[in-house]
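K.L.:
These are the residues of each chain, in order.
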Amino acid sequence: MNALEIKNLHKSFKSSFLIKQYHILKGIELSVQEGEIYGFLGPNGAGKTTTMKCILNIIYPDQGDILLFGKSSRQASSRSRVGFLPEHPYFYDYLTPEELLSFTAGLFSMSSAEIRKQSAELLELVGLTAKKDIKLKKFSKGMVQRVGLAQALIHNTDFVILDEPFSGLDPIGRKELRDIIISLRESGKTVFFSSHILQDMEMMVDRVGIILDGKIRKEGKLTELVSQGVKYYEIVFSGLDAQLAGAAEWTSQDGHYIIRHTDSNATNHSIRLISEHKGVIHSVTPIRRTLEEVFLEELNHA
Amino acid sequence: MKRTHIFILTLLFIALMVIAGFLQSDYDSRRNYFAEQGTFVTLPNGKTLKVLSFGFQNLTADMLFIWSIQFYSSYHLNNRYLFLEHIFDTITDLNPTFKEPYMVGSWIMALEKGDVPMAIRLLEKGSRNMPDEWIFEHECGFYAYKELKDAALAEKYFERAAAKPGAPSHIARKRAHMIYMQDNLEYSYQLWLDILKTAGDDRFARSAARNHLHQIKFEMDKQNLEKLIREFKAKRGRFPFILEELVETHMIKQIPKDFGGDDYVYNAQSGTVTAHKVLKWKKSY
Amino acid sequence: MLRTIAYNTFKEAVRNKVFYLLVALGVVAALSSIIVSMLTIGDKVKVLKDVGLASIDFFCVLIAIFTGINLVYKEIDKKTIYNILSKPISRSIFILGKFLGLALTLLIALASMSVIYYLFLWLAAGTVDIKIVVYFFLLYLQLLIITSISLMFSSFSTPILSSIYTISLYLIANVTWTFNTFKDQLKGTLETVVSYFFYYILPNFEKFNIKNQIVLKMDLDAAWIINAVLYAVCYTGALLLLSILIFNKKEFK
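If you read the protein sequences in the order shown, they are chains H, D and U. With my numbering applied, the first sequence covers 9 to 310. With my numbering applied, the second sequence covers 82 to 366. With my numbering applied, the third sequence covers 32 to 284.
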């Protein structure tokens, strides 16, 4: 079963005074398989947050079906295995992290022993054990985000939805979050997150959905999307005259030469030539399309 | 939320409101709000309410006044006059220059409850608070004459009312009539002559003045003539055969005619004088 | 689930400085009745009772209104509502939980104020009037209705407007009874229907206000109290349903 399935999702908003309608989601189709990390990619205003709110029934779709583990999103029970971290998380600031987790768990009707155990584990996971008794009023943004992640995971959530979780984090924070998300997948959970920072996505997603102007333009495995073509192979070498390497052009950098070939045959040919001439090959790298390029391509098509 | 759920909840909402309405109605039927005097024992007086209304005295006065109109229209309520003066005192303390409560209050007091002194107290308060208004003294004069049958008191009020700015001309007429009713014929005759002189285009005023002048002159002349007739009888032992005999005997220079210029009618048997037209404002006429 | 939200609402209310301020002011005002009673000639105890009851009444109503109008609005404004709605909890339970939380808060506030008041009355005047307990009970019912009104407005309106509407309804509810005779005296059908409609729709708090009965020692019968309880239950229930219906319609962009 898919953790999430969206079919033909439409949503429009009316601006308060004008009769004009803003058609935000124009027929979203996507699916997230159990146990994978799905990256929801798109520019600002494409409809990422709107889609997530529809999934959680915070706003009501005009048209379309959303299924969470096979259950319609319109039912409250569809969210019993779902955790959500919004883009700018805000929690009751008069509570401590421990109290917040206790409150959240209470909404799932867990036993108090279970709550205590899970709270301790999650606080450990997000690195807030030392601060569990300080009121959230005093927390920094990064700390609030970590608490948010913890509350999204309580009650053995199987499917975690994160809205722009990486925004505003420093490189260390980003790495920590990446590690947490990957460990979630390892424990069998499904993660669905949105971002417009492509490097983060590239490093960990299994599948990607690119949303532009209210529609999914491209969806599929990351490896497939980016390997639809190795752009070129790049050979870095030194120790011989560049023109002998069998390439029409070359560049030089720090005493090394760099040549490029678009197909593997020519690459192999150059490698043989360099070896024959007793040159030193430093690296042979297939330069693939980055996610960024895939994305920009879609952007240009639209 | 499913359509059916919305429908059920809406029905339930309506049902609960309807039940609440019935409960309220049931409660109301058992309560007799106004029979409980306690309600008004706790109505503070005007000065206290002024403070309590936090600057909204006029509004409070309005509300209290509107309420009192409903209340005093409920004819089925017994004992509703118990705090009549207190209520209208409070309203007029809150807003001393609000004319209607004085008027309506005095009507209820004088005409419905039948307590004219109470009404007059309220009206006098009105004239104290609004010294330029003619209406309060006018109403007092009306009650003094109609209900208290006190022409002297009524005359005082009408005199005061007539002196206020914008007082309509009929007040002076009423005053003149009160003076007549106190049998001060000469003075009232004078006043009516003034009224006739200053009536201008007012046909009603002129015709009223003429009527009054006719009646007053008639009474004055009648008194005079009948006095002379009695003197004649005392001297001659008989009533004069005709009025001219008085002239012949030099008791009077000339037989007066009535205000319209007609002759008076003389009854030689009884020695009484009467006129073609007699206006019966006084019982004796 | 219901309990969790209720308890959390209670915690929030009780950790709010304004709440403590109002309770403290209520107690101070009630105790100041001693000073006021010293200025009276005659029945000091009556004045003591009056001022004390009026202060508690006034401040509890303030708590009901000013905490109530923020109940839902604050969650929407601060966006903590997303945390709740993204959980498998129905919106109806959320509203009910908020209501119960505030009801609990008011119970604690009223109970503590009334205990202090009773203690004080006993010390100052040596009397303990059972009727006053009934008064506090009826006051609590009235507070529940006020809470449900302010909660309802909170689910769709900003605090400023909600407070204006709620306070207006509270004031109206205290004078609705005066239109009891008025509505029967209207001539036209349309006017009669409209005034009957509004007379029964608008809340009517006269039955909860037994200050006169206490002061003048009139009798309260069981029918009165039962009627008051049922009325409060029905009216509060209706308003909660209305709040649920309104809140279910809302979308949070």
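Since the hints were derived computationally from the structure, they do not count as laboratory data. Just so you know, not all the hints are guaranteed correct.
[Stated by the list, open to error] The calculated EDC-like cross-link candidates involving lysine to aspartate or glutamate, where the alpha carbons are at most 20 Å apart (straight line), are: (1) D/LYS303 <-> D/ASP282; (2) U/LYS284 <-> H/GLU172; (3) H/LYS79 <-> H/ASP166; (4) U/LYS42 <-> H/GLU42; (5) H/LYS145 <-> H/ASP208; (6) U/LYS284 <-> H/ASP70; (7) H/LYS143 <-> H/GLU172; (8) U/LYS110 <-> H/ASP101; (9) D/LYS206 <-> D/GLU181; (10) H/LYS139 <-> H/GLU172; (11) U/LYS42 <-> H/GLU305; (12) H/LYS149 <-> U/GLU282; (13) D/LYS361 <-> D/ASP339; (14) D/LYS83 <-> U/ASP108; (15) H/LYS34 <-> H/ASP70; (16) U/LYS214 <-> D/ASP143; (17) U/LYS110 <-> H/GLU95; (18) D/LYS83 <-> H/ASP70; (19) U/LYS109 <-> H/GLU257; (20) U/LYS110 <-> H/GLU172; (21) U/LYS109 <-> H/ASP101; (22) U/LYS214 <-> D/ASP109; (23) D/LYS227 <-> D/GLU240; (24) U/LYS42 <-> H/ASP70; (25) H/LYS229 <-> H/GLU106; (26) D/LYS245 <-> D/GLU193; (27) H/LYS239 <-> H/GLU257; (28) H/LYS143 <-> H/ASP166; (29) H/LYS34 <-> U/ASP108; (30) U/LYS105 <-> H/GLU95; (31) H/LYS145 <-> H/ASP101.
None of these values were measured; they are calculated from a predicted model.
K.L.:
All hints are to be evaluated individually against the structure, with a verdict given for each.
P.N.:
Going through the hints against the structure:
1. D/LYS303 <-> D/ASP282: Not satisfied, since the Cα-Cα distance of roughly 31 Å exceeds 20 Å.
2. U/LYS284 <-> H/GLU172: holds (16 Å)
3. H/LYS79 <-> H/ASP166: holds (14 Å)
4. U/LYS42 <-> H/GLU42: The given pair, whose Cα atoms are some 38 Å apart, is violated under the 20 Å limit.
5. H/LYS145 <-> H/ASP208: violated (30 Å)
6. U/LYS284 <-> H/ASP70: holds (14 Å)
7. H/LYS143 <-> H/GLU172: violated (25 Å)
8. U/LYS110 <-> H/ASP101: With a Cα-Cα distance of about 12 Å, the restraint between U/LYS110 and H/ASP101 holds, given a limit of 20 Å.
9. D/LYS206 <-> D/GLU181: holds (13 Å)
10. H/LYS139 <-> H/GLU172: Distance ~24 Å between H/LYS139 and H/GLU172 Cα, so the pair is violated.
11. U/LYS42 <-> H/GLU305: violated (53 Å)
12. H/LYS149 <-> U/GLU282: Given that 20 Å is the threshold and the Cα spacing comes to 26 Å, the pair is violated.
13. D/LYS361 <-> D/ASP339: Holds, because 16 Å separates the two Cα atoms, which is no more than 20 Å.
14. D/LYS83 <-> U/ASP108: violated (26 Å)
15. H/LYS34 <-> H/ASP70: holds (10 Å)
16. U/LYS214 <-> D/ASP143: holds (19 Å)
17. U/LYS110 <-> H/GLU95: holds (11 Å)
18. D/LYS83 <-> H/ASP70: Given pair D/LYS83, H/ASP70 holds - Cα atoms ~15 Å apart, limit 20 Å.
19. U/LYS109 <-> H/GLU257: This hinted pair is violated, its Cα atoms lying about 60 Å apart.
20. U/LYS110 <-> H/GLU172: It holds: about 16 Å lies between the C-alpha atoms, which stays within 20 Å.
21. U/LYS109 <-> H/ASP101: holds (10 Å)
22. U/LYS214 <-> D/ASP109: This hinted pair holds, its Cα atoms lying about 13 Å apart.
23. D/LYS227 <-> D/GLU240: holds (17 Å)
24. U/LYS42 <-> H/ASP70: violated (38 Å)
25. H/LYS229 <-> H/GLU106: Status violated; Cα separation ~38 Å.
26. D/LYS245 <-> D/GLU193: Violated. D/LYS245 to D/GLU193 sits at ~29 Å, over the 20 Å cutoff.
27. H/LYS239 <-> H/GLU257: holds (16 Å)
28. H/LYS143 <-> H/ASP166: violated (28 Å)
29. H/LYS34 <-> U/ASP108: violated (28 Å)
30. U/LYS105 <-> H/GLU95: holds (18 Å)
31. H/LYS145 <-> H/ASP101: holds (5 Å)
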